[in-house]
Amino acid sequence: LNPFLPLLLLIANIAAAQNGIVVFQSDFGVKDGAVAAMKGVSSSVSPNLRLYDLTHEIPAYNIWEASLRLEQTVRYWPEGTVFVSVVDPGVGTERRSVVLKTRSGHYIVTPDNGTLTHISLSLGIGELRSIDETVNRRQESDSSYTFHGRDVYAYTAARLASHTISFEQVGPALPDSVTAIFSQPASLTGNIIAGTISILDVQFGNVWTNIPSGLFQQLNIKEGGLLDITIKHHQKTVLQATIPYHTTFGKVAAGQPLAYLNSLMQLSFAINEGDFAKKFKVASGSDWTVEVKPAR
Amino acid sequence: LNPFLPLLLLIANIAAAQNGIVVFQSDFGVKDGAVAAMKGVSSSVSPNLRLYDLTHEIPAYNIWEASLRLEQTVRYWPEGTVFVSVVDPGVGTERRSVVLKTRSGHYIVTPDNGTLTHISLSLGIGELRSIDETVNRRQESDSSYTFHGRDVYAYTAARLASHTISFEQVGPALPDSVTAIFSQPASLTGNIIAGTISILDVQFGNVWTNIPSGLFQQLNIKEGGLLDITIKHHQKTVLQATIPYHTTFGKVAAGQPLAYLNSLMQLSFAINEGDFAKKFKVASGSDWTVEVKPAR
Amino acid sequence: LNPFLPLLLLIANIAAAQNGIVVFQSDFGVKDGAVAAMKGVSSSVSPNLRLYDLTHEIPAYNIWEASLRLEQTVRYWPEGTVFVSVVDPGVGTERRSVVLKTRSGHYIVTPDNGTLTHISLSLGIGELRSIDETVNRRQESDSSYTFHGRDVYAYTAARLASHTISFEQVGPALPDSVTAIFSQPASLTGNIIAGTISILDVQFGNVWTNIPSGLFQQLNIKEGGLLDITIKHHQKTVLQATIPYHTTFGKVAAGQPLAYLNSLMQLSFAINEGDFAKKFKVASGSDWTVEVKPAR
Chain B
1 LNPFLPLLLL
11 IANIAAAQNG
21 IVVFQSDFGV
31 KDGAVAAMKG
41 VSSSVSPNLR
51 LYDLTHEIPA
61 YNIWEASLRL
71 EQTVRYWPEG
81 TVFVSVVDPG
91 VGTERRSVVL
101 KTRSGHYIVT
111 PDNGTLTHIS
121 LSLGIGELRS
131 IDETVNRRQE
141 SDSSYTFHGR
151 DVYAYTAARL
161 ASHTISFEQV
171 GPALPDSVTA
181 IFSQPASLTG
191 NIIAGTISIL
201 DVQFGNVWTN
211 IPSGLFQQLN
221 IKEGGLLDIT
231 IKHHQKTVLQ
241 ATIPYHTTFG
251 KVAAGQPLAY
261 LNSLMQLSFA
271 INEGDFAKKF
281 KVASGSDWTV
291 EVKPAR
Chain L
1 LNPFLPLLLL
11 IANIAAAQNG
21 IVVFQSDFGV
31 KDGAVAAMKG
41 VSSSVSPNLR
51 LYDLTHEIPA
61 YNIWEASLRL
71 EQTVRYWPEG
81 TVFVSVVDPG
91 VGTERRSVVL
101 KTRSGHYIVT
111 PDNGTLTHIS
121 LSLGIGELRS
131 IDETVNRRQE
141 SDSSYTFHGR
151 DVYAYTAARL
161 ASHTISFEQV
171 GPALPDSVTA
181 IFSQPASLTG
191 NIIAGTISIL
201 DVQFGNVWTN
211 IPSGLFQQLN
221 IKEGGLLDIT
231 IKHHQKTVLQ
241 ATIPYHTTFG
251 KVAAGQPLAY
261 LNSLMQLSFA
271 INEGDFAKKF
281 KVASGSDWTV
291 EVKPAR
Chain A
1 LNPFLPLLLL
11 IANIAAAQNG
21 IVVFQSDFGV
31 KDGAVAAMKG
41 VSSSVSPNLR
51 LYDLTHEIPA
61 YNIWEASLRL
71 EQTVRYWPEG
81 TVFVSVVDPG
91 VGTERRSVVL
101 KTRSGHYIVT
111 PDNGTLTHIS
121 LSLGIGELRS
131 IDETVNRRQE
141 SDSSYTFHGR
151 DVYAYTAARL
161 ASHTISFEQV
171 GPALPDSVTA
181 IFSQPASLTG
191 NIIAGTISIL
201 DVQFGNVWTN
211 IPSGLFQQLN
221 IKEGGLLDIT
231 IKHHQKTVLQ
241 ATIPYHTTFG
251 KVAAGQPLAY
261 LNSLMQLSFA
271 INEGDFAKKF
281 KVASGSDWTV
291 EVKPAR
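Chains as they are written, first to last, in the working numbering: chain B, 1 to 296; chain L, 1 to 296; chain A, 1 to 296.
Among the hints, erroneous ones may be present.
Same chains, same names: a pair is fine if it fits in one copy or spans any two.
[Unchecked claim] With a cut-off of at most 16 Å between alpha-carbon atoms, the simulated EDC-like pairs for lysine to aspartate or glutamate come out as follows:
#, residue 1, residue 2
1, Lys293, Glu94
2, Lys31, Asp53
3, Lys31, Glu57
4, Lys251, Glu94
5, Lys232, Glu291
6, Lys31, Glu133
7, Lys251, Glu273
Note that these hints are calculated values from the structure, not bench results.
Just chain B, with the same shape it has in the complex:
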């Protein structure tokens, strides 16, 4: 027997405990103490956790955007990372509180209200469990009904990330199905792709569609090739234009528009060093549709 074994185990244990990362998302903003209260509860479970933020600037109650922001980021974090997403217009009502383990080994602690729409499709449902609040709820919080983010989600996430509980101890397993917000996928008919504008890259005014690169490549557009694009809001045309496709912004002059594949490999529109969404008054959502075809 290796006489160092107990020590090695202890060290391995310290090292393992330190892998515990929790990433928080919400619509709380950062002007008050709500986010810090959640992190405090997590740190009280284990001060060794590493606590990070996805964003807390999800527009109030916008579950669709919460779902997309998870889609945009979860895959870049290491396996085992625990996410907490609290955009929860139904707090205190009967919606389920769940932890999703994706097939990629990431965990997402959230109300099951549509927040898992994109991730459940892309990273897949490995296993879904209901949070058993009789054990996974901060002590002394019984009389508070309105801050599940702090009393249940941040607490459960920290227990999971710190290996205080196993995934099984979260609560009973559920069928492999989450509440999803319906959206029409992009489609190709002849040489025209029809899609929607899923979201804006708000900081820069870039417009992200739901057209994946695989579909776009079927149009056989080369670097610099021209596209006819039509953007409509409720069937009314907002923009009709012919713009070049480029791999990167710098290929067009400042102020000029282009189509490109964004960091999630979806077709997107931008103005180099400008704001496409603002200039052309374009927003996002299922009522914003887009048609793309090769220019003649």
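Model the placement of chains L and A on the given structure of chain B, informed by the hints.
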């Protein structure tokens, strides 16, 4: 003698050092490098600290709000957590720089200018010490007079959190009394509770009063019971309404008002999926008063 | 041979890995998942890193401000800290991607587009290396051209901070010269100092000039001494005033202007508990000049 003792001590030491959490609050915003400079100074004391933010969006010089945000969050962090709060209109003048150890074992490093008003009452004054700047001040900072947050507070907090100094080494003990901002506590007369609006939950427009749940319970209002509320600004009535009391937002329809107990167990007003403060033009402060009684 | 040597090395190794701090700056804002995606990539390289933010509110494409914010903060962090700065209007074009090791032992990972203007002068160029993207680029990112911050910079920074690669393994050494944005240094002629307004302390409206304390001291102004200041925009006078010099804001009444040395020891203008920039309509940039002399 256990031959592993030195090693065990070393490991224990590494583990202990990792418990060091510092949480920062200020009115600096996050558009420039001020917050990062504070964290850099703390990391230079010990790179193993875990540095988090409460908020840096306290309105400029608003000591009252700084005090309330500490009240809203400190208790959720583990014992031994060190807070730095820098809302400091008097920087460079004679106000005391102190570290409060609360009875709950939390530390708060701050100018003693009213920032400790709420915490000193709720968590209690365990011990109060003046910061001895002859030792607890960043080297090479003698000629800078305007950034105590970086040169004294972040530095002292990191030394305390990393066990570089003991609490006694912060500086001389002070009498158990802090500078406090006066505010009238809520009171019950007959079946009417009179209170003030301490603060807004700005992100959602909820209105938080200073009426604690214990006082409110004396009205014997059941779930769904109706309240007559009157909100006044400088004695002028801004809102008179009859609204139901519920434990959670989802019990009323979207767009409908309700009274509820917030996450600090104080009576509050909200509109489900709406903005109560904006709709009824309500703000916060000692000049905003509220009366609550059971509806007939 | 010490039988504990392997263990000690292991422990030292764990401890060393924990010194790895990465500090992020960008113009991405924090409303979407871009910053979190960068941190995820870094955590995937090593979950033990400590990841902090300088700011993500650099105005879009403003390289000058990015350079100044680094100047304002890098020096306060411990030796060995790795900074990532991504303000990159030229993403995807031919500008170099570099890592600067300053003479102070800090690392900055950035496009070499002017971002290193101030730091290269103040902390000095220790060594400059080009990032070899054939090895220092996240796997599976070959087809994405627009998010170097995530795929190259955050990835390389994490590898460097976690000692996965040595500084030499970043890529080939470059000559000791960075792309710099020209700006006229402040100068003294007779008893008049001419300088520019480098930046605003945006949160408080303080105005920071490029006049260093060493130059200012040659005017021999004592605490409370009066200065004649003239601020011009494109040669047109915006403000002419006589204001006192003080070491700290509290020496003048609330609402009164003063000159002082800021936290970087440069001459600055402020209104105690007010907003100098807003009140006098002053902004920053090389077209904003200032003249300072002792009042008669």
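Status of the hints after comparison with the structure:
1. In this homomeric assembly, Lys293 and Glu94 never come within 16 Å of each other (Cα to Cα): the closest approach is 46 Å inside a single copy and 30 Å across copies.
2. For the identical chains of this complex, Lys31 and Asp53 are neighbours both inside a copy (14 Å) and across copies (11 Å), given an alpha-carbon limit of 16 Å.
3. Both within a single protomer and between protomers do Lys31 and Glu57 lie at most 16 Å apart by alpha-carbon distance, with minima of 11 Å and 5 Å respectively.
4. For the homomeric pair Lys251 and Glu94, the shortest alpha-carbon distance between copies (10 Å) is at most 16 Å, but the shortest distance inside one copy (52 Å) is not.
5. Taking identical chains as interchangeable, the C-alpha atoms of Lys232 and Glu291 lie at most 16 Å apart only when both belong to the same chain, with a minimum of 9 Å there against 51 Å between chains.
6. Proximity of Lys31 to Glu133 under the C-alpha cut-off of 16 Å is found in neither arrangement, the shortest distances being 29 Å within a copy and 31 Å between copies.
7. Taking CA atoms no more than 16 Å apart as the test, Lys251 paired with Glu273 passes inside one copy only; the shortest distance there is 12 Å, against 45 Å between copies.
The structure does not agree with the numbered hints 1, 6 stated previously, though it agrees with the rest.
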